[in-house]
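Colleague: Respectively, the protein sequence lines represent chains Y and R. Per my numbering: the first sequence = residues 1 to 139. Per my numbering: the second sequence = residues 1 to 64.
Any given hint could be a false lead.
Unchecked claim - Here are the simulated PhoX-like pairs of lysine-lysine, each with C-alpha atoms no more than 25 Å apart in a straight line: (1) R:54 to Y:8; (2) Y:6 to R:37; (3) R:37 to R:54; (4) R:54 to R:22; (5) Y:11 to R:22.
Treat the hints as calculated values from the structure; they're not laboratory data.
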Amino acid sequence: MGCRVKSKAEKRYLKRLIWAMSVYVVVVFLTTILVRHGHVTGWILYVVAVAPCIPILRLIQVLALYVQEETDEFQRLLVVRSILCGGAAMLVVAAFSDFLRSYTKIGDLPPFTMFMVFWVVFGLAQGVQGMMTRAVDDE
Amino acid sequence: MNNRLRVLRAERAWSQADLADKLEVSRQSVNAIETGKYDPSLPLAFRIARLFEKRIEEIFDDPA
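With these hints in hand, go ahead and build the complete structure from the sequences.
Modeller: Shown next, in the form of structure tokens:
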């Protein structure tokens, strides 16, 4: 994307994304500490264990808000494509893992793999599209 | 879809950034339309046509 001028929607999106990502990291950190050292048991353990899902829901909402608020239809298209790439990659990895686990003894993925797969592929798709559609200087 | 955006812009000595500002889109979008990588929606095509005071079919040409 380089030094491309960002739209108001994109600036809002980046601000929200950074906040949501930061909250996610903090919640995962606190959850890990609580589960490992907090002697949390019973139904509270279940609540604590799923707590990181809340910032993930917020991240999904941040993406949806950007798609809704971006007035530049081409930029919107690029982000939607990236979301599709991230979602597709996540689904492929999940399917491979599920079938391997179902029919063999391997296939267990480390925790948070899906989350990482989505964001890495989403970022790569953004970067590749950014390079492919970079405006050449015509001034 | 072919278009005459680059020619019309050059006639007015506008840069891609100038046109992007006038259309309230990114320069990347103008570039993608000019190079045929992206066909604009009907509302954006109307905005472009109004800006250049031309009809849509005078700017965009469907070779099919």
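Colleague: For the pair supplied as a hint, residue 11 of chain Y and residue 22 of chain R, confirm whether the alpha-carbon distance does not exceed 25 Å.
Modeller: holds, 20 Å
Colleague: Under the criterion that the straight-line Cα-Cα distance not exceed 25 Å, is the pair residue 54 of chain R, residue 8 of chain Y satisfied?
Modeller: Judged against 25 Å, a Cα distance of about 30 Å means the pair is violated.
Colleague: For the pair supplied as a hint, residue 6 of chain Y and residue 37 of chain R, is the alpha-carbon distance within the 25 Å limit?
Modeller: Holds: residue 6 of chain Y and residue 37 of chain R sit about 21 Å apart, inside 25 Å.
Colleague: Holds or violated: residue 37 of chain R and residue 54 of chain R, Cα atoms, limit 25 Å.
Modeller: holds, 22 Å
Colleague: For the pair we were handed, residue 54 of chain R and residue 22 of chain R, check the Cα-Cα distance against 25 Å.
Modeller: Holds, because 16 Å separates the two Cα atoms, which is no more than 25 Å.
Violated hint for the displayed structure: number 1, the only one.
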